[in-house]
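Chemist: Single-letter residue listing:
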Amino acid sequence: MMGWLPENVSTFGERIDSLFYLIYYITTAVFLLVMVVMVAFLFLYRRREGRPALYSHGNNTLEVIWTVVPAIILVILTIMSGVVWQDIRGVIPETDVQVKVIGKQFNWRIIYPGPDNEFGTKDDLEKENDLHVPINKKILVLLGSDDVIHSFFLPHLRVKQDALPGREIAIWFEATKAGTYEIACAELCGFGHYNMRGHLFVDSAEDYQDWQRENWPAAAEVADMREAR
Amino acid sequence: MSRSAVVHHLAGEPHSRPGFMRTYLFSTDHKMIGKQFLWLGLLMMIPGGLAAMMMRWQLAWPGTRVPFTGGIPEPFMYDGHMGPEFYNSLFTMHGTIMIFFVAMPILVGAFGNFLIPLMIGARDMAFPVLNMLSFWVGLLSGLLMIAGFFVPGGHAAAGWTSYVPLSAAAHFTGVDWGQNLWCISLIFLGISSLMGSINYITTIINMRAVGMTLFRMPLVIWSLFITAILLLLALPVLTSALGMLLFDRMAGTSFFLPEGGGEPILWQHLFWFFGHPEVYVMILPGMGIASEILSTFSRKPIFGYKAMAFSMCSIAFLGFVVWGHHMFQSGMNPVLGMSFMVSTMVIAVPSAIKTFNWLGTLYRGSIHFTTPMLGALAFVSMFVVGGLSGIFMASLPVDIFIHDTYFIVAHIHYVLFGGSMFGIFAGIYFWFPKMFGRMMNETLGKIHMVVTFIAFNFTFFPMHILGVGGHMRRIYDPTVYEFLADLQPINVFITISAICLGVAQILFVINFFWSLAAGRRAERNPWRSNTLEWSAPTPPPHGNFETLPNVYRGPYEYSVPGAPEDYLPQDRRLDPKPAPTG
Ligand code: HEM
Ligand SMILES: [Cu+2]
Ligand SMILES: [Cu+2]
Chain Z
1 MMGWLPENVS TFGERIDSLF YLIYYITTAV FLLVMVVMVA FLFLYRRREG
51 RPALYSHGNN TLEVIWTVVP AIILVILTIM SGVVWQDIRG VIPETDVQVK
101 VIGKQFNWRI IYPGPDNEFG TKDDLEKEND LHVPINKKIL VLLGSDDVIH
151 SFFLPHLRVK QDALPGREIA IWFEATKAGT YEIACAELCG FGHYNMRGHL
201 FVDSAEDYQD WQRENWPAAA EVADMREAR
Chain G
1001 MSRSAVVHHL AGEPHSRPGF MRTYLFSTDH KMIGKQFLWL GLLMMIPGGL
1051 AAMMMRWQLA WPGTRVPFTG GIPEPFMYDG HMGPEFYNSL FTMHGTIMIF
1101 FVAMPILVGA FGNFLIPLMI GARDMAFPVL NMLSFWVGLL SGLLMIAGFF
1151 VPGGHAAAGW TSYVPLSAAA HFTGVDWGQN LWCISLIFLG ISSLMGSINY
1201 ITTIINMRAV GMTLFRMPLV IWSLFITAIL LLLALPVLTS ALGMLLFDRM
1251 AGTSFFLPEG GGEPILWQHL FWFFGHPEVY VMILPGMGIA SEILSTFSRK
1301 PIFGYKAMAF SMCSIAFLGF VVWGHHMFQS GMNPVLGMSF MVSTMVIAVP
1351 SAIKTFNWLG TLYRGSIHFT TPMLGALAFV SMFVVGGLSG IFMASLPVDI
1401 FIHDTYFIVA HIHYVLFGGS MFGIFAGIYF WFPKMFGRMM NETLGKIHMV
1451 VTFIAFNFTF FPMHILGVGG HMRRIYDPTV YEFLADLQPI NVFITISAIC
1501 LGVAQILFVI NFFWSLAAGR RAERNPWRSN TLEWSAPTPP PHGNFETLPN
1551 VYRGPYEYSV PGAPEDYLPQ DRRLDPKPAP TG
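Protein chains in written order, with the working numbering: chain Z, 1 to 229; chain G, 1001 to 1582.
Since the hints were made in silico from the structure, they are not lab data.
Since this is a predicted model, take the numbers as computed values, not measurements.
Please note: incorrect hints may appear among the correct ones.
What the hints assert, rightly or not - Non-contacting residues of chain G with respect to chain Z, defined by C-beta distances greater than 12 Å in every case (computed):
no., residue
1, 1049
2, 1252
3, 1497
Said to hold, decoys possible - Chain G regions said to be covered by chain Z (calculated; three or more residues, Cβ under 8 Å):
no., stretch
4, 1359 to 1372
5, 1387 to 1393
The C-beta atom is built at its ideal place from N, Cα and C for all residues, glycine as well.
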């Protein structure tokens, strides 16, 4: 079943996936155990003439065992999950590139800060649904929304975060493999929700520079813009 | 009126036989009200189920003509082709109807009303008129919900969770009165449930038969008692949230709209503060039903009665502090997410305890494979899957990936169909003789249970795979995405299984109506069970018991060594030895 996971191309994705696998193995084992015991009991203790049922109200030792053992397993899972969560969401590391992603029925507005690396200046670049990022760099994404709640979902990077109107939420990721990946919306946002699709282009360092050169205003132009202001 | 006069009246004097209206419509008899809720729930299964079938068709073969829908006019269907707006209404109404108008009315309304007085040895509920009102307000609420399909702009389309701001202003969805009616209907439903729960709690506290101590109550009564407390505490929160939403929509307030200073996340907190206890409202009665049936047909006392009761209490308590696990990716503070993960992992423990105690009940029993028993076994095994899949989502990092995917849809259905619905089927097969005085057909019932079990797993298990593949929920057309292309054959497989699952329910309908008209007449205690309802005549008359029973022991005294039979009803007096206590 876990073979269906989309290929992972982010740094922390591996840690998420290994937790996913771990829980999968544990739950599968518990499930099989319970089913085997149940089916065995159903077979062994099916009604037979002249064999009365055992008159028993339970067993306190067993109660303690099957309270404590699951509790221990769950505590371990909680701690392991907490550590990973803290690293992914609890703290945002120093990032190299920043970009704003704003959901708007039914598109992703992608806003690049431009050469001055500041938002809200004239050299900002806005694109629809196309997010270019360099490979092996930490990317800071500032999520927002112009209307309703959307959810920024990068299946291959194990990223998902709701985008809310009226507040900015910061998340980060680092892609480890160049290529084009889909961006999806994971939170119902209206009739066009199913089609709120974008693309994430993970570019090699050179490709990213080429893309910047073609699309971002050159530093000279920026200087002009400054003067014109 | 003195107490004895009440009893006399309730026992039913021959001269005052109520007329048709008082017997079938405006009845204050808990059994009739229970049946009314049952009819309401069974009837609402039809629109809820049809909506599911239409959605499944669209998901397997997007954009093709949906069979048998040519009669649905524009702008819902375009000559049999579904638009995305209508798809959104369909899943919204599917969820809303199944949760509020199928699972709740049957589990709480029908079983609660029918069973509580009979099983605690009372003649009726504490507040019979309030009880009647509870049904009629519930019915009104159902009618308002159905009316939403016929207003301009179509029915609510923001999901059963109706997240704001999507649901808070008409221009986001194009839905106007549909969403208003959705709010109003659920406000009425809240009032109906509130009346019911006050009634249940009072009845269980005050009207137990002599000797029916709390720890001699059947577990299904425990479960309904706890459910009523959950409803009493959680529903008013939903009702207030709905009121605020309605004000935002109609009176220009902005509780939830950020441009007016409102807070979208507030809705999610309020909704899930209600919503998580609500999911336990839908599973606890099923757990109670399964416990009754497993013990009866294993001919064995329930394993760990007190552990069962206490684990339900702890589920109820913890159920109020885990709501944030629905909001891990909502923008809530990550540290808060951590604490909700801890409480959610903790709440899995009592679920595990219950499962192991059910297995303990089967151990060295003398297992009779009747139809209700098949239903209860299906309940236990499917609940295990649903509980285990909950652990994936409780793990914060894993939930990043599976939140809002079909993994969640799989989980919901393992607990709500695999759990609640199998509980409902098991309960109907078990108590039908007492309710209607006739037996249901066992062969047909067994075929129905087996086919449903198989088709259910074929339908819902593969949804885990879709979720692992990243397939988002609530999308109208999965073929838009390249990364989902490989999963499309699974969608087709699911749809075919779902159609089989839907069609299999015809077996139940046939069995139900055929047995109602021509089933074998039921004796007083056809399953040789211990609890008090089986001591009452079949079907129980107005006032339930010939003489009010005295209770001498716990509810699960099966196969007691030295007893004349393999069961020992709660109200049977053993002379001269004092009765063993349970
Ligand atoms: C072992 C016990 C359980 C655990 C640990 C658990 C955990 C969870 C979690 C963490 C979620 C949120 C997932 C997400 O949206 O990302 C969830 C959703 C849900 N659960 Fe459970 N759950 C358990 C039992 C139940 C039961 C017994 C029911 C109902 C009978 C239930 C019904 C639901 C429903 C309806 C949703 C989805 C609501 C929605 O988003 O539309 N769960 N569960
Ligand atoms: Cu969306
Ligand atoms: Cu929950």
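Chemist: All hints are to be evaluated individually against the structure, with a verdict given for each.
Modeler: Taking the hints in turn, this is what the structure says about them:
no.	hint	result
1	1049	holds (22 Å)
2	1252	holds (18 Å)
3	1497	holds (17 Å)
4	1359 to 1372	holds (count 10)
5	1387 to 1393	holds (count 4)
The structure meets every hint from the earlier list without exception.
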